[in-house]
Amino acid sequence: MTTKLFGARIRRSEDPRLVTGNGRYLDDLGHDAYEVAFVRSPHAHARILDIDVSEGVEVDGLVAIYTYQDLDGRMGEPLPLLIPHPTLTHGRTQHALARDEVNYVGEAVVMVVAVDRYVAEDVVGRVRVDYEPLPAVVGIDAARAAADLVHPDVPGNAAAVMVQESGDAEAAIDAAPHVLELDLSIERSASMPMEGKGVLARWDSDDESLLVHTSTQTSTSVRQAVAAKLGLPVDRVEVVTPDVGGGFGVKIVHPWPEEVLVPWAAVRLGHPVKWTEDRREHFVSSAHERAQQHHVRVGYDDEGRLHGLSVRFWHDNGAYTPYGLIVPIITSTQLLGPYKPGAYRVEFTSLYTNTVIVTPYRGAGRPQGCFVMERTMDAIADALGLDRAEVRLRNFIRPDEMPYDHGLIFQDGRPLVYDSGDFPASLDKLTKLVGWDDFEAYRAQARSEGRRVGIGLACYVEGTGVGPYEGGHVRVETDGTVVVSTGLTTQGQGHQTMLAQIVADELGVPFDRIRVTTGDTRRFKYAVGTFASRTAVMSGSAVALTARKVREKALRIAAQALEASVDDLDIVDGHVEVKGSPGATIDLGAVAVLSNPLRYAFDEAAARATQFATPADPDTPPVAPGEAPGLEGTDFYSPPRSTFANGMHAVVVETDPDTADIKILRYCVVHDCGTIINPMIVEGQVHGGVAQGVGGALYERMEYGPDGQLLNASFMDFLMPYASEVPEIEIDHLETPSPLNPLGVKGAGEAGVIPGSAAIASAIEDAEGIPIRSMPISPSELFDLRSRRSV
Amino acid sequence: MHVTMTVNGNEVTADVEPRLLLVHFVRDHLGLTGTHWGCDTSQCGTCVLWLDGRPVKSCTVLAVMADGHEVRTVEGLEVDGRLDPVQQGFMEEHGLQCGFCTPGMMMTARWLLDHQPDPDEATIREAISGQLCRCTGYENIVRAVRWAARHPGEPTTAQDASQEVQA
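If you read the protein sequences in the order shown, they are chains L and E. Residues 1 to 791 (full-length UniProt numbering) make up the first sequence, in order. Residues 1 to 167 (full-length UniProt numbering) make up the second sequence, in order.
For the record, the hints were derived by calculation from the structure and aren't laboratory data. Among the clues, some could well be false.
Unchecked claim - SDA-like cross-link-like pairs, simulated, lysine to any residue; straight-line CA separation at most 25 angstroms:
| id | chain 1 | residue 1 | chain 2 | residue 2 |
| --- | --- | --- | --- | --- |
| 1 | L | K663 | E | R143 |
| 2 | L | K663 | E | T6 |
| 3 | L | K663 | E | T4 |
| 4 | L | K663 | E | D28 |
| 5 | L | K429 | L | H733 |
This structure is a prediction, so every number in the text was calculated from the model and none was measured.
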């Protein structure tokens with residue numbers, strides 16, 4: 001039997017290309033293309049009075065200038081609202097180019113096409129737009145107060161109000177022995193991949209077809225959106241995702257204005273057109289996430305067990321709602337984490353502000369929910385004088401209660417039912433890993449050295465692998481190479497490696513004979529996209545099912561060739577063998593040749609399948625009924641609902657008694673993503689997530705001025721962690737397989753980021769003895785908290 | 001303006017606008033797209049290449065400033081088809097995910113190892129602390145550089161690397 005690759009630390013097949021400078025990212029393509037730059041709004045809220053391009057048209061190298069007035073057909077309509085929801089009563093989306101009003105600094109107003117980006121920027125600098133500024137609504141307080149409106153026809157700036165309830169929470173809280181109320185908040189951050197967005201479009205006027213390359217997390221859906229906007233038949237549009245320099249959620253939104261404008265211009269101009277987002281554009285015209293304010297009311301008993309939980313929160317959705325209510329819906333459901341809340345009621349209001357849109361960023365609403373629930377747990381422990389780990393343990397859903405139905409509806413429109421997990425076992429691993437029970441001795445020792453230290457922990461549950469489906473295609477070529485394709489895209493997670501590991505085992509072929517393609521609609525047309533930690537679950541399962549089909553077909557054909565029974569065959573190292581009969585073997589490439597009856601021999605291998613080469617039953621058609629030529633197959637995986645991964649983090653911090661500097665001394669992770677396909681890749685995902693969690697807890701925030709200017713729209717002022725800020729990460733795994741899919745896997749992509757703010761807040765609070773109610777927290781904010789306490 | 005420089009050992013000449021950035025010159029004029037750009041403000045370091053043997057952020061160097069000088073990019077790390085141990089280390093230790101920051105990180109790592117063959121973790125973190133990675137959390141980058149330090153004389157070809165599979 002071939003060595004089992006599922007579960008092994010396989011080095012990535014992506015890497016040789018990427019470490020030699022041979023990656024193909026969006027801006028590495030299309031050197032023959034015209035390039036685009038945009039005139040973007042300098043105002044957070046304004047009416048457009050006039051656009052004067054007369055100075056711009058004099059610039060040498062200009063190709064075209066477009067405003068809203070030039071957009072024809074459906075290009076002139078607002079961009080699609082991707083995920084409608086009955087409670088999203090006041091959904092609004094922007095136009096590809098602003099029509100008569102702008103609603104955030106950075107909104108695209110004029111598109112300039114020129115021979116290169118330098119010239120395009122020259123033209124942008126010469127276009128004059130007259131604006132009549134309107135009052136800007138910035139921040140959740142201003143949006144709630146609604147003294148001014150973002151959209152005049154949206155009362156109270158409320159895009160949606162949504163309530164979910166399981167039991168009578170208010171009554172349960174009122175009847176509980178103890179009641180606590182907390183106000184909690186989290187600020188904005190953003191995905192901030194190292195590569196911004198980018199689009200390249202080529203129109204072939206002879207073929208009347210459009211080829212779009214875009215740095216996206218969903219090529220199939222961009223294809224549909226571009227075809228719809230441009231009024232092209234879908235089969236005239238193909239979308240290819242090249243190497244993508246990170247996504248983290250921001251690239252799942254589509255079509256971005258530029259994603260329809262660039263193809264539209266390419267068709268109009270009959271020439272390749274490209275736009276590559278620069279960093280400032282990414283800050284002011286992509287998407288942010290996180291900002292929410294929560295009010296919690298919780299009822300509990302003397303043991304610290306929850307009787308009822310009521311959460312009211314306000315979510316800043318920015319100027320438009322193209323991605324619907326996904327982020328606050330996730331917050332409102334995933335807030336519950338591994339706990340039984342007793343009765344639960346959650347109500348949120350999704351609010352418009354004159355700022356960049358808010359759409360999922362790794363974690364997608366969960367870091368906020370986790371922060372709220374875990375701060376509540378710590379507050380209960382503090383109020384009762386109980387150990388924080390013990391309070392959590394007492395409220396856990398127990399393994400024998402799985403599957404556990406919360407009585408709520410999740411982000412996929414399906415019931416929120418946890419399928420697996422062993423939370424007490426995970427907590428046990430974590431407390432041992434970090435040395436929870438020995439911490440007081442360490443604290444005392446540190447104190448004797450004049451140092452101030454604290455420990456914190458946080459737990460989460462993450463619904464991963466949401467549907468509706470993904471598919472896979474597997475084909476064995478006549479040289480024995482196996483080509484695998486799935487429609488969803490890759491942004492660096494190692495999908496090629498992970499999917500090849502699965503196919504290698506299922507099909508019995510060597511890893512290095514497998515070539516995996518993702519996110520290319522020319523190869524696979526039906527897919528959803530890469531988000532919600534779903535690739536291993538969805539495409540992993542789909543290619544496994546597909547490989548099994550291809551294996552069955554290979555065995556049927558080989559059985560005939562080897563004159564053996566299918567049951568006696570096995571595939572080892574790319575060869576079909578008769579078990580126990582060494583020498584009775586045929587390689588898969590030869591099986592592929594035989595799978596395709598031929599008239600013409602185009603090469604030596606093909607000659608074996610031509611009509612005079614092999615004796616055949618004269619009464620049977622060369623392609624048997626129910627069969628198709630080729631050793632290939634397609635299959636899909638569609639789960640009934642999400643599978644729920646979980647994890648727990650513990651952090652030790654040291655806070656400087658004088659400067660209030662916050663230093664992470666240890667960061668421990670216990671992670672359960674079900675069966676692990678490649679531990680090296682999973683740990684890499686956890687590392688990266690933790691780094692973003694640390695960033696969100698201690699450094700990253702979008703600083704908007706009251707006028708809606710983003711004051712820190714560059715890496716000079718928006719602080720992302722460098723190697724000097726991210727601690728070493730200690731990881732332990734628990735594997736509780738998911739019963740919902742053929743591989744037993746659960747998603748791992750977002751996990752690392754979710755409990756970062758919650759765990760670090762817990763540790764700082766423990767070190768300082770000051771309640772931490774909002775994140776991120778800077779040394780100066782901690783200093784202020786200390787000063788206020790001492791007053 | 002006319003510029004002449006040595007890039008990865010080859011002399012190149014070109015007529016460029018005075019405002020052209022070095023990163024755009026190597027990418028768009030020379031087709032060496034392994035050097036990336038990610039911020040335009042010299043914070044992210046995806047554009048790091050060597051100018052006269054020192055790592056620089058090429059988004060804040062004009063092409064004309066490199067006139068008469070020597071440039072080395074990630075494409076110049078591989079010598080005679082043999083990968084640099086740093087390249088091998090990044091593959092061995094999963095030091096990259098999306099790969100966008102990787103060329104810049106490797107150029108800095110190679111410079112570090114040339115000057116300090118056996119750096120400890122803190123030294124490595126300090127050396128790359130002007131460069132951002134949003135994927136890895138840096139831990140495996142540090143391990144990758146340590147791997148390269150431990151294996152100074154074991155270059156492999158990219159071909160070998162893609163064939164080798166360790167179960």
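Handout entry: Broken hints, by number
Key = 2, 3, 4
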